[in-house]
Every structure is written in C-alpha cells, then in structure tokens.
Amino acid sequence: MSTLAKTATANIDGRILEIEAGMTILEAARQNGIYIPTLCAHPDLNPFGGCRLCIVEVEGMRGFPTACTTPVAEGMIVKTNTAQVLTERREILNLILSEHPASCLVCDEREDCRDYMNTVRKAGVTTGCRNCPNDGQCELQEVVQYIGLEELKYPVYYRNLEVDKDDPFFDRDYNLCILCGRCVRMCREIRAADVLAFKQKGSRTLVGPAYGRSHVDAGCEFCGACLSVCPTGALSEKARKWRGKPTHEQVTTCAFCGIGCRIRLLIKDDEIIGSLPDNDPLINNGQLCVKGRFCIAEAVSSRHRALRPQRRWNGSAAEITWEQAIDLAAARLSACPPDRFNMIISANCSNEDLYISQKFVRIVMGSHNIDTGTRGFYGPVFNAYLSLLNNAATMDDLRKASLVLCFGLDTRFSRSVVGVELRKARGRGVKIVTINSRPHNLTILADIWLKPVPGREKGLIHALTDLMATGEKTPGISEYQAGSVGEGIAKTAELLSKSRSTVILVGPEFVWNKTGPDIVRVIAELAQYTGAAILALPAWNNLFGSVLMGAYPEVLPGGISPTDRIRMNQLKQAWGEGLADLIPHNESVKAASKRRSKIDVSYFIGEVPTKLMPSADFLIYQNMYVPDISIAADLMLPSAAFTETDGTFINGEGRIQRIVKAVESPGEALPDWEILCRIARKMGKNGFDFTGAAEINEEIGGVVKGFGDFNNPDRNAIPFTCGCELAAPQIAASGKNKTGRDFPFLLYSSINENVYRGYPLSRWVDGLKHLVPENVVQLCPADAEVMGLSQGDEIVVTSADFERVWPLRITCSQPPGTLHVILRGEDLVGLGPYPVRIRKYHVQDSR
Amino acid sequence: MNNFERVRKSALQKWRNLQSCKIPVIYLGTASCGRAAGVMQVLDAIEETLKEIRLKARIIQVGCIGPCYLEPLMDISLPGRPRISYANMTPTKARKILKSYLIDGDPQSHLAVGYFGNTHSEDLDGIPSFYDLPMMKPQVRVVLRNCGLIDPDDIDHYLANDGYAGIMHAFTIGPEAVITEIKEAALRGRGGAGFPTYKKWEICRSTPAKIRYLICNADEGDPGAFMNRSLIEGDPHAILEGMLIAAYAIGASHGYIYIRAEYPLAIVRLKNALARMRRYGFLGKNIQNSGFDFTITINEGAGAFVCGEETALISSIEGQRGMPRSRPPFPAVSGLHSMPTIINNVETLGTLPNILRNGAQWYKQFGTEGNRGTKTFSLVGKVRRTGLIEVPLGTTLRKIIMDIGGGPVKPFKAVQTGGPSGGCLSEEFLDTPVNYESLTAAGSIMGSGGLIVMDEDTCVVDVARYFLNFTQNESCGKCAPCRVGTRHMVEILDRITGGYGRPEDLTTLQSLGETIKRGSLCGLGQTAPNPVLTTLRYFRSEYLQHIAERYCPATVCKELIEYRVIPEKCTGCRGCVKVCPTGAITGPRAEPHNLDPSKCIKCRACYEICRYDAIAGDAIIIRSLRRSSDEYAS
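Protein chains in written order, with my numbering: chain A, 196 to 1042; chain B, 4 to 637.
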C-alpha cells in the first residue's frame, strides 16, 4: 500500500466513515463498531474469503462481495444487513452447520440443559451432550446466536472420523472442523512452518499435515498457534480439553528459557489451566514454543507439587508446620560454621530470590558458598559461555539483521520463536547460515549448511575467521567440513564480508563438548572480527540475573568482585552489616574445595543434589516438587512457582522481565525469598524485613543499575557486568580417551535443556517425553546394519570410563560413525565426544 | 535480408518441395483422438506394406482435422494428384488402399471421403472436396486453419503457412497498436466468460511493475471438451505465436503454459515447438532483433479441475494448493508472485496471429455485433457426426447440431453447452444464436466450448446429477456454499434418481442452487448449479415424473427401470443367458427365457446382446413403469 496516509470516505449502513486507505470493509466496520459475522477472518491473518458469512451489499458491485476481502474504495456505499444479505447468510450458515455437529447450537433444551448438567449422585455423572471441548468458547456459537438460527435446514453430514489423539499436546477432532483455514494460514503466514495444509478436495476436504503424516513426522513445532485461532473445538489441548472457559488471564513472563517470552496465563478456580502468547513486539511477538504454550500449566499444576514442609524422621518424611520448619532450619544453620555451609540455587529463580539468597549466605551465614546448578550444567564452557552475554544482541537486532549465523542451534522445540523470526527473515531475503554436524530444523531453511566433521567444529569456525582475516584458505580446509569441500566456508565468508548487520545465534549443540570452551571462544573471535552481534539464547531464564545478583562465590551483586574494595564499601553501606566478617572469597573457595566432604548444612533452592555435589550432614531441600526418595532431604520446604510470586527475570538479551503472581500457591508453599527471610529473622538478623518482592527490588536498585522500578521495569536491555572471571568447574575425565579399533564410534551427548528448577519438564509433562526422548541413543542406518542392530534394540555403550545401556533409535539424521544421546543433567557421564564401542544388549548382561 | 525473411524463405521452399514431392506423401492424423481410434496400428501397417511393395513414400504425422467420427484418417497425395482422404482406417483397409492406389493407381474412390485442393472432380471418380462434406461446409476455419494439414512438429510447415507473420507485424506497429488492433477486432476471451481481451491487457500494461507475466491457460478439464488439446496437438506454434503477441502487447517477459498432465502428447508437441522456436530465434533475448525478450515455461497441472480458475491456477504455479482467492485484486493487477499477470485461454491466443496477420477488419467479418470472430466447439454426444468444429459466433445451435453434426438418430432432447458449468438447453433454444449473451440469458454459459447433445435416451435428471457430482468432487473445498451446498444438491438428485424424491425437493434444489450461485467464491461454485437450474427450468416435468411417478422416461435411472423378456419375440437363443453375470436369466434353448428381477443388477449386458444379435432381435426391453405416489409409499 502507498505510504501516504490517505483516507477514503465510505458509507457503511448509512454512516459516513473516514477510512484508512487499503482497509477492507470488515476492518473498517469493526473499527467503527459495526458487527459483521465471520468465521474465517482473523485480525492476524490475511483475508481468506472462505466462510462467506461476511457477505455485504455494495452499490455498483455484482452479487454479494465478502467484507473481509473487499477493500474500501472512495465513495463506496456498503449495506451490511439488508434483508437479502441476512437471508443469504442464514442459508450459508445452514450449510456450514450441516458439516458440524450442532446439538449445542440449536437444541431446544440447551438452556435448561446447562443448569442440570451436573447432578448429585454417588458417582460423578454429567448429563447433556459433551461432544465438544469448546463449549462456551466457540465462535460458531456466537455467530449462530447473532444470526439467530433456531433449526437446521439440511441433514448433518457427520464425517465420522476418529479423533486423532496420536500426537502429543493436542487432539484433533476434524468432525468439528468447518474448514475456515485459520490453522493452515497461521502455520504458513505467521509461523512460516507450513506443517498444515488442506488435503483432498470436494466434500472430503480436510485439514492436516500432507500425506497423512503425524504432526511429529511433519516437523510440527507444537507451538499451538493453530489451536489459538481455531474457532471450533476441532483442535483442543489434551490437558485442558474439558476444563471449560478460563475465568481470567494474567500477563507474565515464561520461565522456561532465556528468551523470556511474554505469556498470558489462563486461570480458572485459582489454578493455571493454560497459557497463551502475549503480543509483546519486543520479544516473542505473539509466538511461543511448545514449552511456553503447553508445559506451563502441567508443570505448575502438577500433582507432584510439594504442599507442606516435611522433615525426615527415622528415615521417613513427616509433615511439619512452617513454624517447626523455620525453627529447625534456624537451629541447624546457627550451628553451622561458615565454611561448612553451602547453598546451591537454581538460575530459574527470580532476581529477588537470588538476591536474598546470596545476601542470606553472605550476611546470615557469613560465607561465600553460594553457587548455581547452572555452573555445573555448563561445566567447562561456563565461563566462556557467560562471556557471550556481554553486549548481547536483542531479538530486534535479529529482526533487522541481513545475515544470521546459527551455531549448533535447533529451533524446533526450544527457542522456536527464534525459528519463526528466522523463517520470516528468510522470506525477506535475509541470508541464513547454519553450522551443525547433524541435520536439524534449520537445514532446509538455511542458504548454507556448514556441516563440520564431528570433532572438528572448532577448526571449521577458525578456518572461517582465518579466511575472513587473511583471504586465504586454511590448508586442509575441506577436512573440517563433511559433504562438500570448503566452498561453503568461502561462500559464508563472502556473505559475512558483504553483510551490513550480522547476528550470531549460539545454540546448545557444541556446549557439552570437550572443545566447547574453545568453540565458544572462536565464535566470539569471529564475532569480534566481523562486528557481528551475538545472541546466546541460554536455556536458563535467569542466567544473566544469577550473575548480576551475585549468586556465585566470586561475584557480588552488580557484578562486583569481592576484591574490589571501593565497590565493596558501597555494598556494605547498602547492607549495613555483616560483610566485615567475610572470608576473602579466594580462600573461601579453596576452603570449600579442601573440605569438600565436610559440609554440615547444604541448602538447595530449586536444585536437586547430584552425585557430583558434596554430600552434607543436613540437607535442606527447598523446591516446588516433592523430592525423590533417593535425595533424602532432611528438611523439605515447599516453594512457589513463577506463576505464584512476583518478581523479575533478566533474559538472554539483558532485558528485565516482570513476573506476576497469578494464583495462590498450592498448599502452604511460599516464595523462596520469603522462606529465607523468615529463617534469617528467626536467626536474629537484620535486613530481611521485606514484605514483598517490590521492596527487595528497590534494595537491588541501590546496588545494581537498572533495578528499582518494580512495576515498570525499563524494557531496554541492561549491560552484563561481571567484575571477575567465573571459574568453570572441571568435570573429572579420566583422560583415557582411547580411540582406534577398541572404540570405533564417537558418542556425543547433550543434556536435556528443558529443565525447570532442577527437574526435566518431561517429568511433569508427558507430551514432552515424546518430543525430546531422553536416554535414547541415535545411530545412522548404515552403522546399525553393520552392527546388526535394529530399531528399538537395547545397546551397551562402552567407553574407557563408563558402560551404559540405552535403547537404540535408528535415524538418518545421525552422521555415520557417531552416536548421540540426550541425557539428564544428573546422568552426565563427562564431556563428549567419547570414543566408544557398542554391542547389542543381552539378557545375560544383567547378571 | 533479415533472419525472419531467411527462415521464411527456406520454409516456403521446403513446403513447396513437399507439395511437388516426387514420391507419394501419406498424411496420418496422429493426434490423441486418432491414436485412440487406432491410428498407430494403421501407421505400422502402412510401413509394413510399403516395405512389402518396395515403394518409398513420405509419411507425415499431422494433427486432428476435426471430424472425430471419421477417425482414423489417412490422406494420400500422389505426385501430380490431389490429397485424398480416407476415413475410419483399419490396418486391413490401409493395406488394401495402399496397394491399389500406389501400385495400380486406383484411388478406391468408394472408400475415399474427400480431397483437398482445387482439382477438378472428374479426375477423382466422384470424390467430393473434403471441405464440401456436410460437416465441413458450414465451418469457418480461422484458429484451426492448420490443424490436420501441417506437421505440428515442423516449424517450417507453420512458417510456410504465414506463421509468425503476426508477431513480425506486431513488432513493426508496437505494443500499443497491437492492443488497439485487438480492441478493434473486438476479441473476447475464449475461456468462457467473454471478457474483452484488450481491456485486460490495458489494465495489465498500465499497472506499474518490475515484471509482468503471461499465462496460457491450457487446463482444459471439462468432461467432453477437447478443443484446446486438438489445437495444441495440431498447431502448437499458433498458440506460441499468440503468446508472443500477447506478451509483447502487455510487456511480459516470462510466460507459463499451464497444461493438464493428462495431455502428454500436447506437452511433447509444445516442448518440441519451444525448442524449435529457440533455434529460430523466436524465443529468448532480443527476439528477431525487436529488442523484445520472452521465455516460456511449461507447467503441468496435477489434475484439479478448479485449477482452470485463474487465481487457483496462479497459486498452483506458485507451488501452493490450487485454491481460488477473492478478486479484486484481479490478476491483471496482482497475479503470479503478486505481479501483473494476464491469463489467456489457448483459443484466444491461437486467434491472435490471425488478427495481427489479416487485420482487425478481416476478423470482424466473422460473427455478429458484440460477438466477433469464430469459436471452436467440441461437438459430442448423440449426434451422427462428432468432432472439433469452428463456426462464426452467432451461428444457431440448430445449424451446429443438425447441419454440422447431422443431428441425433433418435429425437433431439437437449444440448449441454459450456461443460459442467453450463446449462442444459431444450429444443426451443435450437434457433438461439450461439453468443455469450444469449447463452447466459438462457441460464447457460458459452464456457470453453463443449457441446454435448442428448437425445431422448438421455435422462436429464441423471445428466444434471452427473455434472453436479463432477463439480462437487472437483470443488477445492474452500468455501462453504460450493463444498457443502453442491453435496446437498447431489444427495437430493441421488434421491430423486433413486426413486425416493420428495415433492419439496425441487424447491430445495432451486433455493440451494441460487445460494450457491450467489454465495460462492469462484467461478466453479458460481456456475456449478447451472445444469440443475436449467434442467429444472426446461425439463421440470421430467423431474416431476421421477418424483411423483417414480418414472424415468429415458429408462436410465437404475432404480426406476426394469428389464423384461418379451416371450413373443424371444427365440430362446441363450445369448442373454450366457452374458448375464448373476444368472438372472434362465430357460432352455429355443424356449422364451425367464428373467428374475430380484437377481437382475441392471447391467444392460442382455439388452446389448439382444439388440445386436441378429437371431434374437429386440426381445429384451428396458422399461420404466409409472407408479402413483401411494404405490411406492407402501
């Protein structure tokens, strides 16, 4: 449309209206409060003109044009409700309803039926027709009511299709589908995923993935965008199918990864029943991934939630009151010397929780022994990874980029809002290069797929930087790249040199690699050389915040190093007391490592102890979920989920994101900061008299730039400041990485990133298990044939250090000679790739 | 001498050499229609015979000349003798004719149907001129002028017959003048709707754009229509030259031919023609030094009828599902890849070279005011002479059906114009001149030019059901009126032809039909109810007979008919007993047979064998009994 903001004058139903040029009749009518019934039109989607309900009369135009597709022209005279239009609409609605089971729409008893739906009997019984999960939220019901249809003229053609329940997260009952095409257009126009299509023709027309594939096979990301626009009950969420209409909504931030999408929580009976994307143009722009769309309600409303404090008594858990719990904690903590205490907190916690935790450790316990589980998760790459957060690019930079380089990034189930942006960018002609040794969801999208030989990733990126710097190819360049010779590198270098603005996205693929730190370093070098901005997309929603809040021994709030005397004094003033007694952090770390086995009290907040962590005499476990028996928590304190507390996160871009309390916590669970404050007060310490997260935020504002305005946080990214290097923990590796005939395969492992507060989400969300299978080893068909293995076999994977039994999945996406397995954090076997040998598992092995 | 003159001169020489060839020339119509009639076996027989009689002859495979009922056609031209045409060839017949004519000089005039050229007929032993045949005489061949006469795979044949003179003329007068010329000629789109061609072009040309596209719509999907296929198979260069002219006029740089994959021969012919055009410099950069660049891509459709609709066709070329979208914006403003696009039908494009070559005034002599020019039709159904014909617009249906087609053997009942989107017109419309307006006024459409003639053995309710079933299956499913509405209509018609019609069905059909016409998104839905609405209008009594009396006068509707053996006529030959698949007919030899209606599946096998078996005669009849409504209610 022309850039001139022209208007047209049109007459709609006798009203003379000034209408923006290029608007359709429907848009103009809606803007001016004139209702025209529609089923296929949707404000976010292009006009379709399929349902034909929005027909109007336009003077001088033949027949009945549809309001949704006809642009307003100067001097147009539109009539939206003439007798003939109404008759035609009624006829067309009759036809639509003859394809849609309509007892809920025209049944004589429908009003009375609602009242008596629930009856009082010994067993719960419902009466009336419950054949549609969308009752009460159905747009068809609204339209029928508006048009005032009382009975159906034509027989109903029930398609008699089986309800498709094979895919996770949502069911598809195409018997209820009216073929408005919203889901298809959503998938194509907004998500650019093109999973859904119209199939067949004539009256057999249906919607679904082409060629009868399942959604999983068709590459569906399970973003649920199609569900959100479905006007009927054809697409419905498995989890809340029969929960009915939510009573209200609350906008907040998703806590499941470092992008920090804005979401709308759907609430009914003080329980989260679902979540939808919010239209935040800065970050997710109305999109979500499978975690944000489907996992929140299941994870926070899980029946495994911890409800009341418990203590271990003679080997079994016993519920106690909060007073007893606080007393017990205070008693044990008071008796604990500073160097024999440690706290592990999750980077999923809010800034307020993190801040209070470290303050608790430093002032109440007089120690520096606070750390996050994330450091262990990232392992040796931790420090290098954090450096990527420096001057992080924003999602907006990504939208404006002319070249995007993706390192080890798969956007199918995690970070899929980034995938949407990439696909849209591709549509605008932006060049995309992806670097990954395995086929992934960006391979078909990317202009260039650089496929490193497993184990030579660093060399490939280095060769690229070299080529940029010197214009000469590194000798032997082709050996870094599988498939084709070094052409891809040369082309990428050419694109890089031409690009006006380049964004580098770093995914998780290379992180758990022995050479991970080096890979991250060469990526940073490349970025520095080309002037590209890096967006690291961490898996932890508040990794950024965990550093800024000082939840590590080496760093204090605001990224201050404990050796920085001037800044330390500022902090002392803010806190008023306690810091003088601190052991200098270096010694504290040394002491901690020396007395690794001599920990008196270990305090876990939102984290789960693993074998790698030192064991303690007394374990305080503070989390949302009831701990496994194996954890043997001496004191269990139930904490609130991110939907049940106020606070802030800082996402990977460095933006402060607000979370809002949407519902009450189940049972007696409390926010983490409140539990800590109560213990601190019990121990007689000052500076913990907070009544709300806002007060904490205000105090943070005194020491960290950008904080303080709790309810209207500055939406601009804040800089990542870290006054010192956060050492990367060394994961013990035997160094016996034998290769050769004994260990012919290379095993790559990645850790399931879909973790919230120490537990994989798939533990509470069944569907996710289906999408991201853990502990299943992947192998390419050629290798499987040589080894005589078939799909579903259990195989024994042996390296110099370990031996594991995993089920096998044969997939073409695995490069030959390699294996891949997704592990849980606690199952981490060391750092890949490992030279291994494999064989089929026999029953005798178990002996 | 420029390139064009040079190639034209050599082509003319080649053509003249062929006319004065020293050895016999045998022309065979090997278009799809001829192949279906068995011309390839005839070709094999000819080659064998020539070897056998040790004579050399040139065999030229030409396209279809029109009369399908004469297929396969073989023409023989001996040196110094006119080209004589033989019809309904079989390998045996071909051998006989070749031997007698090539060796003995006896043209077997009783087997010949006509000759071509200006020779005196006395030389030919009474063989008439081919163009004097009753089917050919009333025709005016403008678009089809080369079909059946030239080798479609040889660009020189086309060039020798004034080929590419139209585009060369266009280059001399410039694009605006081309549009003016077409405006002057009053050419209307031959795809069916009859929108003035120049108007579309003007809109497209005046829309500012980086790139414009031209699409040739060769997605001829109507059952019983084959005009476009025959034209492409017989004279592909005519369409391609037309595309050059249209593209030059609108300023398009790239063209697509969207053709059904079910037309493999036409696709091969087009591919060959394109290759030759490239070699002769009629395609690519700077065509014939005119500064005009043009390329053509062939796009094979996957068999959806709706892809003949222009917006669906565009999305199909774009790689999307063939699904129409609302207009405006019209493709001339925003079409393929959102660029101005002109979509012209094969026949429209095939007409263009003729207009450019001969001038608008020449073209205007054909047809009537507002409906200028000629139109091709595929004349099929219950007529004596079926085939591809071309007549000036304004010719009456009677002339087409009765004179050209020779009329039906049994009394005439109806004619369906415009394929499944058209209407079924009764006898009273026979004197209607065929033009866009009069057919629309009668409730039908011109369509792309299918004419299906029906005699009294055709049940119009069944025909309406057939066409509606076709469109309902071919609906893309996008809009509710077309997808659901047509299904309801088919269901009602199924009920009526099945003998369970209800009195209120006719009003429901009427109102549904009107809703679908008014409410549908694209042309497919908007015209789908036409066969039902027109038959309701002109053959209402037949519907009423089906409903009220359970009576099908044409004895077509299976549920309403029964088969009977007439004992007086039956000779007991057991012919029907042998063919009956269910054993419904029994009886000893030489005694009248017995037909058990409960076992009869009405497959018609006994009826056919009885009709053609000389011994038995018409001993088996099909009849439909009138029943009162009470009778079948019980």
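Everything labelled a hint here was simulated from the structure, so no lab data went into it. Only a predicted model underlies this, so the values are computations on that prediction, with no experimental measurement involved. Heads up, the beta-carbon is just placed ideally off N, CA and C, and yes, glycines get one too. Treat the hints loosely; a few may be bogus.
What the hints assert, rightly or not - Distance condition first, Cα-Cα at most 27 Å in a straight line; then the derived DSSO-like pairs of lysine-lysine:
1) A:595 <-> B:520
2) A:394 <-> B:520
3) A:436 <-> A:900
4) A:201 <-> B:213
5) A:856 <-> A:463
Claimed, not checked - A few chain B positions that, by computed beta-carbon distances, are all more than 10 Å from chain A:
6) 96
7) 321
8) 490
Unmet hints by their number, sorted upward, for this structure: 1, 3, 8
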